[in-house]
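Following the hints, complete the assembly by docking chain B onto the known chain A.
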Amino acid sequence: MSEKSPVNWDELEAKPEFRSLLGRKARFIVSATIFFMSYYLALPILVGYFPDLMKKQVLGKVNIAYVFALSQFLMAWIIAFIYVRKASRWDKEAAEVIKGHH
Amino acid sequence: MSIALTMFVGFVALTLLITFWAARKNTGASAYFAAGRSITGWQNGLAVAGDYMSAASFLGISGAICLSGYDGFMYSVGFLVAYITVLLIVAEPLRNAGKYTMADLLAYRLSPRPVRAMASLSTLTVSTFYMIAQMVGAGVIIEKLIGASFHTAVIGVGVLMLVYVVFGGMLATTWVQIIKAILLMIGAFMLSVLVLKHHGYSLGAFFDSVTAATYAGTEAPKNLLEPGLKYGPAVAGPWGSLDFISLSIALVLGTAGLPHILVRFYTVPDAKTARSSVVWAMAIIGLFYILTTFFGFGAATILQKAQILSDGKPNPNMVAPALAQHLGGELFFAFISAVAFATILAVVAGLTMSASASFAHDFYTNVIHHGKEHRPGEEVRVARITAFVVGAVSIGLAIYLGPSVNAAFLVGLAFAVAASANLPVIVLSVFWKRFNTTGAVAGLGVGLGSSIVLILLSPNGLFGKAGAVFPLENPGIISIPLGFLAAWLGTVLTARDPAAEAKFAELKVRAHTGLGAEKAVAH
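Sequence lines, in order, name chains A and B. Going by this note's numbering, the residue at position 32 of the first sequence is 32; the numbering climbs one at a time, nothing skipped. Position in the second sequence (first residue = 1) + 1000 = this note's numbering.
FYI, nobody ran anything at the bench for these hints, they're computed from the structure. These numbers come from a predicted model, not from an experiment. Note that CB positions come from ideal geometry on N, CA and C, so glycine has one too. Treat the hints with care, as some may be off.
[Claimed, not checked] Below, in silico cross-link-like pairs of lysine to aspartate or glutamate (EDC-like), each with a Cα-Cα straight-line distance of 20 Å or less:
#: 1; chain 1: A; residue 1: K55; chain 2: B; residue 2: E1226
#: 2; chain 1: B; residue 1: K1433; chain 2: A; residue 2: D10
#: 3; chain 1: B; residue 1: K1503; chain 2: B; residue 2: E1518
[What the hints assert, rightly or not] DEER-style ranges, computed between Cβ atoms:
#: 4; chain 1: B; residue 1: L1397; chain 2: A; residue 2: K99; range: 49 to 55 Å
#: 5; chain 1: A; residue 1: G23; chain 2: B; residue 2: G1464; range: 30 to 36 Å
#: 6; chain 1: B; residue 1: G1010; chain 2: A; residue 2: Y39; range: 41 to 47 Å
#: 7; chain 1: A; residue 1: E17; chain 2: B; residue 2: V1389; range: 46 to 52 Å
#: 8; chain 1: A; residue 1: R27; chain 2: B; residue 2: V1193; range: 42 to 48 Å
#: 9; chain 1: A; residue 1: E96; chain 2: B; residue 2: L1005; range: 35 to 41 Å
Chain A on its own, in the form it takes in the complex:
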């Protein structure tokens, strides 16, 4: 289970490919997190402080509050889908970085 040759972690970490991979990954994670938290928190905030708007019926008797709540499910699935697609590309780049160490 231990590596055959001792790994120089600092050297790997300093590789430009690794730095660039991590930078792009972090940018995506941070922006996706800001987006989903804002979208999600908008729900209880609007519900709590703008109840009349949220009670407006838009689909038959179904109101904005419920439609917005359902859209959260869709939002979560879409972000997961985008992340997984990006992550499978990142996997390949990560494998390049550690090539020869497996």
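For chain B alone, kept in the frame of chain A given last:
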């Protein structure tokens, strides 16, 4: 009555068979604590879903929606959206850098003993909160179904769960979760179809009647799709809206700090599989929570108050079984109750598993014995003994609290504690180079302490509604920022830790490439 018993016995027999099969495969700590890291993506996805869709989800949420309408549906939304945090931030680094418990990731570059001691304390606290919720749910169902007393029921569940954990370990627990998740999805789907059938298979008719529901027979018709039945200013006073936001924050950030969910990612061979298991879980869990629309709101349009009474009060945990009985007769009621029972048993087993793993691995081996096992197999033995203790304590607390605490509410509190204590330190240890041991201990301690103190001072706490010092039921909006703040302050106010910072490069490479991660054991 006999049909219900037969189903119960059938499920229990099946799970015991799995346990004995798993017991024979349990050789060594990696097999016992992490199922040999041999679980596949879809299997673990189902198991995560199984671990997650607890009595709180099924019994608690249907009760919360039936009695508080839209405000109860927020649990469903928050429980799913929370998985984005797990997917983006926690699952893969944890799998790549850890071994058996959440604390492995934290101890990676910080002083292991203080960090593990605190993380273990917080794991045990969150698990106990969560467990009480499940035990209470189990007691209610069994009491109604086979007429056993609440006490007998709770003790029965406790003993069964111990058999799974002590003999079967993580492998048996995982398969119990998988079977239960499938049964629960079938039950939820059938229940939803029956509700739609009641409304002539018309979504329009269904929503029309939800907007003029008789609120389980208690009051004049109300529009349950309108927010505010529980947290609106008319009902909850001026703090209601803020309380609703606080609950929402706790729900969305809590999952990524739940120890029994986190340990699931150690059962798969690598980070890629951990990722795909989160996606599987999100698909299953999302579908389930959308279905709560039907059996939650639907229950309010169909049931009468008299059908959900226990001890003269409407009991939210009774809504789903009562709806099944009303719509599908005794056979379906028996099936739904057996499903709920299976759900609880499985979740309780998962919780006990993660709590005892944390005590044995973090506290016993690493804190007391400085990371060395004195005799082979000692860690597993200590975990088994801990399982007994955790089981006994939860049985006692569940009996003490009694049958009518809402399971979803208790779990909401467990989420607040998990989000305040565990999440800040997990995030900072992965993303912040400067983060040090004092910061981690401060974050865990303040997050845990502040959330518990605020719960005790809340309207549900020591002094009741009238004497509450803290006006919110859910402490998340205060205690989560406090957890982050304490972790940050603890770090910047103390000396830099060159050893921890030097190991950050290694942690980054490990977390993001999987180099040197724990491998699956070959069978």
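Here is what the structure says about each hint:
1. Pair hint K55 of chain A plus E1226 of chain B holds up; C-alpha atoms about 6 Å apart against a cutoff of 20 Å.
2. Restraint check for K1433 of chain B and D10 of chain A: satisfied, since their Cα atoms lie roughly 14 Å apart, inside the 20 Å limit.
3. With a C-alpha separation of about 18 Å, the suggested pair K1503 of chain B and E1518 of chain B falls inside the 20 Å cut-off, and the hint holds.
4. Distance hint check: the CB atoms of L1397 of chain B and K99 of chain A are about 53 Å apart, consistent with the given range 49 to 55 Å.
5. As the Cβ distance of G23 of chain A to G1464 of chain B is approximately 53 Å, the hint placing it in 30 to 36 Å is violated.
6. Range check, G1010 of chain B to Y39 of chain A: about 44 Å between beta-carbon atoms, so the 41 to 47 Å window is met.
7. The hinted range of 46 to 52 Å is satisfied by E17 of chain A and V1389 of chain B, whose Cβ atoms lie roughly 49 Å apart.
8. A beta carbon spacing of about 44 Å between R27 of chain A and V1193 of chain B agrees with the range 42 to 48 Å that was offered as a hint.
9. Between E96 of chain A and L1005 of chain B the beta carbon distance is about 59 Å. The supplied range of 35 to 41 Å is therefore violated.
Hint compliance for this structure: hints 5 and 9 are broken, all remaining hints hold.
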